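Enquirer: Take a look at the letters that make up each chain.
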Amino acid sequence: MRTELSKFLKSKFAGQLTEQELFRDQQSFVVKPDAIVSVCEALLNDENLEVKFLADITCVDWLGHEQEKQGRFEVVYNLYSYKHSYRFFLKVRLDGENLSVGTLTGLWKGANWLEREVFDLFGIKFEGHPNLTKIVTPDELEGHPLRKDFPLTWEQPVFSWNKDDPPEVRNER
Amino acid sequence: MSAEKKTITLNMGPQHPSTHGVLRVKLELDGERVVTAEPIIGYLHTGIEKTMESMLYYKVIPATDRIDYLAPMSNNLGYCLAVEKLMDIEVPEKVKWARVCLVELTRVASHLVWLGTHSIDLGAMSMLMYAFRERELIIDLYEACGGQRMMTSYIRIGGLASDLPADFEKKVRNIIKTIREKMKDYDKLLTENPIFIMRTKGVAVISAEEAINYSLSGPMLRGSGVDYDVRKANPYSGYENFDFDVPLGKNGDAYDRYLIRMEEMRQSLNIAEQAIDGMPEGPYRAHVPGVVLPPKEDVLYKMESMIFHFKIITDGFDAPVGSVYQAIESPKGELGFYITGDGTNIPRRVRVRPPSFVNLGSLPVLTEGKLLADVVCAIGSIDIVLGEVDR
Amino acid sequence: MGLEEKIPDSIILTSLDKMVNWARKRSMWPLGFGLACCAIEMISTFAAHFDLARYGMEVMRASPRQADLMIVAGRVSMKMVPVIKTLYEQMPNPKWVISMGACASCGGVFNNYAILQGVDRIIPVDIYVPGCPPRPEQLMDGILKLQEIVEKDSLKKVHEEWGRKVV
Numbered sequence: 366m367r368t369e370l371s372k373f374l375k376s377k378f379a380g381q382l383t384e385q386e387l388f389r390d391q392q393s394f395v396v397k398p399d400a401i402v403s404v405c406e407a408l409l410n411d412e413n414l415e416v417k418f419l420a421d422i423t424c425v426d427w428l429g430h431e432q433e434k435q436g437r438f439e440v441v442y443n444l445y446s447y448k449h450s451y452r453f454f455l456k457v458r459l460d461g462e463n464l465s466v467g468t469l470t471g472l473w474k475g476a477n478w479l480e481r482e483v484f485d486l487f488g489i490k491f492e493g494h495p496n497l498t499k500i501v502t503p504d505e506l507e508g509h510p511l512r513k514d515f516p517l518t519w520e521q522p523v524f525s526w527n528k529d530d531p532p533e534v535r536n537e538r
Numbered sequence: 016m017s018a019e020k021k022t023i024t025l026n027m028g029p030q031h032p033s034t035h036g037v038l039r040v041k042l043e044l045d046g047e048r049v050v051t052a053e054p055i056i057g058y059l060h061t062g063i064e065k066t067m068e069s070m071l072y073y074k075v076i077p078a079t080d081r082i083d084y085l086a087p088m089s090n091n092l093g094y095c096l097a098v099e100k101l102m103d104i105e106v107p108e109k110v111k112w113a114r115v116c117l118v119e120l121t122r123v124a125s126h127l128v129w130l131g132t133h134s135i136d137l138g139a140m141s142m143l144m145y146a147f148r149e150r151e152l153i154i155d156l157y158e159a160c161g162g163q164r165m166m167t168s169y170i171r172i173g174g175l176a177s178d179l180p181a182d183f184e185k186k187v188r189n190i191i192k193t194i195r196e197k198m199k200d201y202d203k204l205l206t207e208n209p210i211f212i213m214r215t216k217g218v219a220v221i222s223a224e225e226a227i228n229y230s231l232s233g234p235m236l237r238g239s240g241v242d243y244d245v246r247k248a249n250p251y252s253g254y255e256n257f258d259f260d261v262p263l264g265k266n267g268d269a270y271d272r273y274l275i276r277m278e279e280m281r282q283s284l285n286i287a288e289q290a291i292d293g294m295p296e297g298p299y300r301a302h303v304p305g306v307v308l309p310p311k312e313d314v315l316y317k318m319e320s321m322i323f324h325f326k327i328i329t330d331g332f333d334a335p336v337g338s339v340y341q342a343i344e345s346p347k348g349e350l351g352f353y354i355t356g357d358g359t360n361i362p363r364r365v366r367v368r369p370p371s372f373v374n375l376g377s378l379p380v381l382t383e384g385k386l387l388a389d390v391v392c393a394i395g396s397i398d399i400v401l402g403e404v405d406r
Numbered sequence: 006m007g008l009e010e011k012i013p014d015s016i017i018l019t020s021l022d023k024m025v026n027w028a029r030k031r032s033m034w035p036l037g038f039g040l041a042c043c044a045i046e047m048i049s050t051f052a053a054h055f056d057l058a059r060y061g062m063e064v065m066r067a068s069p070r071q072a073d074l075m076i077v078a079g080r081v082s083m084k085m086v087p088v089i090k091t092l093y094e095q096m097p098n099p100k101w102v103i104s105m106g107a108c109a110s111c112g113g114v115f116n117n118y119a120i121l122q123g124v125d126r127i128i129p130v131d132i133y134v135p136g137c138p139p140r141p142e143q144l145m146d147g148i149l150k151l152q153e154i155v156e157k158d159s160l161k162k163v164h165e166e167w168g169r170k171v172v
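Protein chains in written order, with our numbering: chain A, 366 to 538; chain B, 16 to 406; chain C, 6 to 172.
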């Protein structure tokens with residue numbers, strides 16, 4: 366599976382694939398941000414590989430590390446193939462002001478909450494997401510807690526509720 | 016409310032007896048039928064991941080206990096396996112077998128809590144008392160091992176916190192015997208119970224394709240007939256040495272998931288029995304100076320051990336730059352730890368892949384167009400634990 | 006609500022105090038409300054093995070309107086703060102609060118942006134039960150201590166200090 370996978374990606378997405386690494390028997394590929402949706406679609410629909418399970422989406426903040434030069438944020442897609450019992454990772458590196466990447470909700474419905482969580486905790490925008498809103502932190506909390514420049518013990522007491530609807534809808538009721 | 020609006024909005028939770036904690040569901044109802052059910056989470060957001068990213072690798076373990084507090088040992092194991100992978104540590108055979116035994120009993124304890132709370136939601140009040148009575152046996156074993164009832168932190172990086180207690184085997188055999196006996200009572204009480212069957216059969220159905228599409232795992236996925244169990248697919252901690260079946264459902268409804276969890280409990284007892292039968296002798300911690308703490312007995316008598324103990328506790332160890340992911344089959348599904356080392360003694364990123372968070376995402380599809388009373392059944396059959404959903 | 010509002014200012018209460026306190030002490034209804042890990046230990050306390058029914062407290066009420074004891078069992082996140090405050094205000098007087106576990110009492114191991122560092126910042130707490138999570142015996146001990154407080158309470162005192170519980 367390992368060689369097949371890298372052959373598949375190299376042949377189809379030669380220009381989009383920037384890096385390939387193998388750490389502790391785990392294969393990961395770095396792809397360009399605008400290519401991630403098409404790469405995932407090809408992997409999902411390929412009859413031989415059958416990468417059907419999107420296990421996880423997460424993000425790593427490299428602020429203050431030498432890896433920051435390649436891009437501060439690293440969005441990690443954790444993919445798994447039931448057929449081959451094989452797990453691998455796709456990584457997207459983002460930097461600068463425009464922290465956005467295409468959404469996978471069109472391919473996997475399970476990506477909905479995972480992407481919302483990454484948006485909430487890291488502030489990465491997923492373009493085309495149907496409902497990109499905060500999911501775990503309170504609505505009043507400003508900033509994105511899991512970024513390295515967010516202080517650990519920052520306290521922002523919250524004393525308001527009924528924030529489900531925007532005010533104009535609430536007034537109508 | 017305007018006259019043409021036909022649906023009503025109903026708020027359920029965060030303080031509601033059948034949401035298993037502080038889940039809130041915003042329901043849009045058309046009479047008794049559910050139009051949409053939108054879970055709103057975050058009422059137990061603890062910032063555990065941020066806390067973990069500020070601690071030495073060793074000190075993270077107590078925080079992992081508090082993620083899924085119904086199955087603390089599974090979390091310990093997942094984290095420790097991930098760090099062992101990152102640091103390239105091989106643990107002794109005895110540790111593997113003891114871990115498997117404890118984790119399988121944890122699965123039984125977690126499923127017992129699920130059984131009690133799920134059936135109390137559906138009206139079987141006495142089941143909770145029975146389930147918690149049997150759970151006390153396993154909690155007693157935890158206490159004998161780790162010194163605390165729930166948050167044991169017994170599984171450590173490179174081994175266990177201490178050697179297994181002297182009466183470990185006797186206690187485990189007693190647990191296996193008792194729970195096997197009591198499982199017959201549960202079967203009589205629920206499996207054939209017409210009211211229970213009416214409340215669960217054909218309720219909260221999800222097809223295999225949808226289950227995969229929603230990234231479900233654990234009994235939620237297997238209830239729809241997809242054969243994926245991390246213990247079989249990618250064995251860890253010596254699971255390849257054990258002989259067990261993975262139960263699969265056909266219809267993907269709440270009753271199938273109930274049957275699967277009951278069968279999983281029986282299989283877990285079998286695995287625990289195999290583990291206790293074949294438990295090898297040996298040290299309870301790997302010998303990796305500078306990374307794994309030396310055994311406590313040595314620390315008191317040997318100079319080098321004491322130095323290493325002091326160094327590891329105060330300074331930790333430096334991890335290489337790189338990311339590892341270790342998945343285990345927790346009672347709720349695939350629990351994964353994605354740990355990124357950055358060359359220092361503090362992890363750059365500890366990501367928990369929470370099975371109940373991902374499984375809860377399927378609640379809208381489970382309840383769409385169903386009756387209001389079935390929402391309670393659907394939430395119960397997902398088997399969520401809010402500490403893990405929100406972290 | 007409650008007897009206190011009906012008492013005129015100039016009456017001395019002795020036997021009525023005893024009677025009312027005895028009744029209150031022996032029929033305390035906790036609010037069925039769990040937050041995190043401690044909630045599981047709370048259920049253990051109410052379940053078969055430890056059996057809190059011995060102290061007349063097994064009736065967990067799902068509605069705050071029917072409860073007079075709130076056991077804050079677990080960590081209180083910032084998002085949960087307004088909810089807990091509302092629940093407390095919905096409970097009729099007289100009411101008591103037990104803060105169960107380290108997280109509810111002082112934030113516990115989670116000294117971070119998401120957790121309220123002690124539930125006593127938003128509601129008055131009568132008894133703190135230490136532990137992470139406390140053993141069922143510890144919770145029982147806390148409840149018995151609370152019963153002692155209730156026993157010594159005077160209707161008169163509560164009447165005079167009306168508003169004591171309102172933060």
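Some clues are possibly wrong.
Stated by the list, open to error - Derived CB-CB ranges, DEER-like:
#: 1; chain 1: A; residue 1: Gly380; chain 2: B; residue 2: Glu224; range: 30 to 36 Å
#: 2; chain 1: A; residue 1: Asn496; chain 2: B; residue 2: Thr206; range: 36 to 42 Å
#: 3; chain 1: B; residue 1: Gly240; chain 2: C; residue 2: Pro135; range: 45 to 51 Å
#: 4; chain 1: A; residue 1: Gly508; chain 2: B; residue 2: Glu224; range: 44 to 50 Å
#: 5; chain 1: C; residue 1: Ser68; chain 2: A; residue 2: Lys434; range: 54 to 60 Å
#: 6; chain 1: A; residue 1: Gly380; chain 2: B; residue 2: Glu43; range: 33 to 39 Å
#: 7; chain 1: B; residue 1: Gly384; chain 2: C; residue 2: Ser68; range: 46 to 52 Å
#: 8; chain 1: A; residue 1: Ser371; chain 2: B; residue 2: Asp200; range: 50 to 56 Å
#: 9; chain 1: B; residue 1: Gly384; chain 2: A; residue 2: Tyr447; range: 48 to 54 Å
#: 10; chain 1: A; residue 1: Arg512; chain 2: B; residue 2: Met144; range: 44 to 50 Å
#: 11; chain 1: A; residue 1: Glu431; chain 2: B; residue 2: Asn266; range: 50 to 56 Å
#: 12; chain 1: A; residue 1: Gly380; chain 2: B; residue 2: Gly46; range: 51 to 57 Å
To be verified - Quick partial rundown of chain B residues pointing at chain C, CB under 7 Å, derived from the structure:
#: 13; residue: Ile55
#: 14; residue: Tyr58
#: 15; residue: Arg81
#: 16; residue: Lys185
Hints in this document: simulated from the structure, not taken from any laboratory.
Treat the numbers as computed from the prediction; the structure is a model and nothing was measured.
Think of the CB as a built atom: it goes at the ideal place given N, C-alpha and C, for glycine as much as any other residue.
Enquirer: Each hint: holds or not?
Expert: Status of the hints after comparison with the structure:
no.: 1; hint: Gly380(A) - Glu224(B): 30 to 36 Å; verdict: 33 Å, holds
no.: 2; hint: Asn496(A) - Thr206(B): 36 to 42 Å; verdict: 39 Å, holds
no.: 3; hint: Gly240(B) - Pro135(C): 45 to 51 Å; verdict: 48 Å, holds
no.: 4; hint: Gly508(A) - Glu224(B): 44 to 50 Å; verdict: 39 Å, violated
no.: 5; hint: Ser68(C) - Lys434(A): 54 to 60 Å; verdict: 58 Å, holds
no.: 6; hint: Gly380(A) - Glu43(B): 33 to 39 Å; verdict: 46 Å, violated
no.: 7; hint: Gly384(B) - Ser68(C): 46 to 52 Å; verdict: 29 Å, violated
no.: 8; hint: Ser371(A) - Asp200(B): 50 to 56 Å; verdict: 55 Å, holds
no.: 9; hint: Gly384(B) - Tyr447(A): 48 to 54 Å; verdict: 29 Å, violated
no.: 10; hint: Arg512(A) - Met144(B): 44 to 50 Å; verdict: 47 Å, holds
no.: 11; hint: Glu431(A) - Asn266(B): 50 to 56 Å; verdict: 54 Å, holds
no.: 12; hint: Gly380(A) - Gly46(B): 51 to 57 Å; verdict: 56 Å, holds
no.: 13; hint: Ile55; verdict: 10 Å, violated
no.: 14; hint: Tyr58; verdict: 5 Å, holds
no.: 15; hint: Arg81; verdict: 6 Å, holds
no.: 16; hint: Lys185; verdict: 20 Å, violated
Comparing the model with each numbered hint stated earlier shows that hints 4, 6, 7, 9, 13, 16 do not hold.
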